[in-house]
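J.: What follows is the residue order along each chain.
There are 2 protein chains.
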Amino acid sequence: MDDKKYIGIDIGGMSIKGGVVDGGGRILYKSAITIEPCKPDSEILSDIAGLVKSLLEATGLDKEDVAGIGVGCPGSVYDEKGVVRYSCNINFRNTPMAEMLSKLSGIPNVKISNDANCAALGETLFGAGNGAQNSVMITLGTGVGTGIVVNGKLLTGNCSAGAEGGHITINMGGRMCGCGKKGHFEAYASATGLIAQTSEACAKHPDSLLAKIAAQDGINGKTVFIAAKQGDKVAKAVIKRYLNYVGTGLVIFANIFFPEVIIVGGGISNEGDTIIKPLSKYVAKNIYGAEYNPPIKVVAATLRNDAGVVGAAALCFDD
Amino acid sequence: MDDKKYIGIDIGGMSIKGGVVDGGGRILYKSAITIEPCKPDSEILSDIAGLVKSLLEATGLDKEDVAGIGVGCPGSVYDEKGVVRYSCNINFRNTPMAEMLSKLSGIPNVKISNDANCAALGETLFGAGNGAQNSVMITLGTGVGTGIVVNGKLLTGNCSAGAEGGHITINMGGRMCGCGKKGHFEAYASATGLIAQTSEACAKHPDSLLAKIAAQDGINGKTVFIAAKQGDKVAKAVIKRYLNYVGTGLVIFANIFFPEVIIVGGGISNEGDTIIKPLSKYVAKNIYGAEYNPPIKVVAATLRNDAGVVGAAALCFDD
Chain A
3 MDDKKYIGID IGGMSIKGGV VDGGGRILYK SAITIEPCKP DSEILSDIAG
53 LVKSLLEATG LDKEDVAGIG VGCPGSVYDE KGVVRYSCNI NFRNTPMAEM
103 LSKLSGIPNV KISNDANCAA LGETLFGAGN GAQNSVMITL GTGVGTGIVV
153 NGKLLTGNCS AGAEGGHITI NMGGRMCGCG KKGHFEAYAS ATGLIAQTSE
203 ACAKHPDSLL AKIAAQDGIN GKTVFIAAKQ GDKVAKAVIK RYLNYVGTGL
253 VIFANIFFPE VIIVGGGISN EGDTIIKPLS KYVAKNIYGA EYNPPIKVVA
303 ATLRNDAGVV GAAALCFDD
Chain B
3 MDDKKYIGID IGGMSIKGGV VDGGGRILYK SAITIEPCKP DSEILSDIAG
53 LVKSLLEATG LDKEDVAGIG VGCPGSVYDE KGVVRYSCNI NFRNTPMAEM
103 LSKLSGIPNV KISNDANCAA LGETLFGAGN GAQNSVMITL GTGVGTGIVV
153 NGKLLTGNCS AGAEGGHITI NMGGRMCGCG KKGHFEAYAS ATGLIAQTSE
203 ACAKHPDSLL AKIAAQDGIN GKTVFIAAKQ GDKVAKAVIK RYLNYVGTGL
253 VIFANIFFPE VIIVGGGISN EGDTIIKPLS KYVAKNIYGA EYNPPIKVVA
303 ATLRNDAGVV GAAALCFDD
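Read top to bottom, the protein sequences are chains A and B.
Residues 3 to 321 in our numbering are what the first sequence lists, from first letter to last.
Residues 3 to 321 in our numbering are what the second sequence lists, from first letter to last.
Please keep in mind that the hints were generated in silico from the structure rather than gathered at the bench.
Do not rely on the hints blindly, as some may be mistaken.
Same chains, same names: a pair is fine if it fits in one copy or spans any two.
To be verified - No farther apart than 30 Å at their CA atoms in a straight line, the calculated lysine-lysine pairs in the DSS-like style are these: (1) Lys283 with Lys83; (2) Lys224 with Lys206; (3) Lys287 with Lys83; (4) Lys83 with Lys299; (5) Lys32 with Lys235; (6) Lys231 with Lys242.
Could you put together the complete structure from these sequences and hints?
T.: Here it is, written out as structure tokens:
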């Protein structure tokens, strides 16, 4: 651990979070501003430079005290070039973010990466990963995101185009994925996939408690867990099958990377041990060569909203 | 490139190959000895030390001229510890190979890894990969082996237990794998898998040319390609489906690693463009985000029997 100070920025759909982070991954001070995604990219970056300035003022730091700024940004980010190629809902198109933010802030060292990658790095080094050097983080949200850490560094692939683990095939010819191909991990394991599986079970078992709750409150990623907690067998069967899908994906990553830890994040990870315990058992049972190797820990993410800021700052560690 | 000299050793089921290799991956001199797999491990290692000595004598090098010895060994190898945990057909059981060979040879720096990993490293840096820093090598043999290079180094996972890419699920609940689990890549894409698919097609189409050739000559990994070259439609359909299975696995690795190159090795890669062209097309069509990124090259292995020796030597590069 060093005693340098870093700034982590986490760009989200609703706000831009920023924090001053020390070399041990602790947030010393944090703040946030509203994002105006339709502004020209130069103006959004001016806003971020303003956030950086306010963080420095609040903590009494000079620019020279900051070893680097790390930024996590949604969309397609070319880490090595410091360029955001595009971002679905924000006005970034081939934006040379690192160069621009460096000029605007007066802090030379700026690193950027995809926001999910930053969250994975933060959770791995300072959250649920508890300092692991090798991890895979699977985020079960609207889609399925994957962030992979190898020897303490993000694995991003050539042109930063890798780590697209939501779009690996687990079931050839199976359920349609949002990307237009069939049988992908995301089609089964995302909250969207779980909602579809819940909906199908309701149609098939209209007299189940699950169907009644769904009819009354609508279906979201929690519905099936609420019904299962009340003892509904149909809901329990949906969860069991869903966890087999998620587990199948986790084992693929386990066999390829044999990480110290697999971190499960995203909205569905809020179910805690209800999903973590069976997933852990599934991985232990299905991983190749289990008898010769230590077990792989499967844990829920713990840093929540802070993961992005901490992980973004960590992009600049070891520089 | 440096002007140091290295020794690469490739332990196989029939022989132990050795070579003096320069920093550019060129084999300056090579030789081989017969392996006696039932001997105690200490005697096998004495034989290897003898091979090293003969390589030095033949090239006029002193021990001090050698920057390191790299060894590729079949089975479960714990790279960081320099220990061979076990090897199916050779008498290695928790053998501290690096330490023993270092003592026996008088050359302090000894590195070891799995033989498939070494072949992947050799092919990537000095063979079909043409110096790529990021690659995935898929070996289609009796099983399916995978070797992964990230930033010029082998990815081996915690306890060197990763890179078991033959045992990732591509088709849940599908074809039985040799490991006892269903739907794995190896069950479909190995020569063993292809032979099973050929055999099933023969049973279903007893009047096909494929069935006739099979009845006359028996079935091996080449049978279906021989029949297809003579225009047999049944054989062509088997190949098409088989390549979809192989392609599905390649795309999984492509989406996770986005390597510069995917190298296809093993007996089936001898079919050359017959399989490489369609696989290349399959990857380009099915990879995620193809429109935003450079294409991933899919190529056949080129170093053949030398890949293991060159890759083993390369374990010691950059030391």
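J.: Work down the list of hints and note, for each, if the structure agrees.
T.: Status of each hint after checking the structure:
| no. | hint | result |
| --- | --- | --- |
| 1 | Lys283 with Lys83 | between (41 Å within a copy, 28 Å between copies) |
| 2 | Lys224 with Lys206 | within (19 Å within a copy, 48 Å between copies) |
| 3 | Lys287 with Lys83 | between (42 Å within a copy, 26 Å between copies) |
| 4 | Lys83 with Lys299 | between (34 Å within a copy, 22 Å between copies) |
| 5 | Lys32 with Lys235 | neither (45 Å within a copy, 66 Å between copies) |
| 6 | Lys231 with Lys242 | within (13 Å within a copy, 47 Å between copies) |
The structure fails hint 5 only (numbered hints given earlier).
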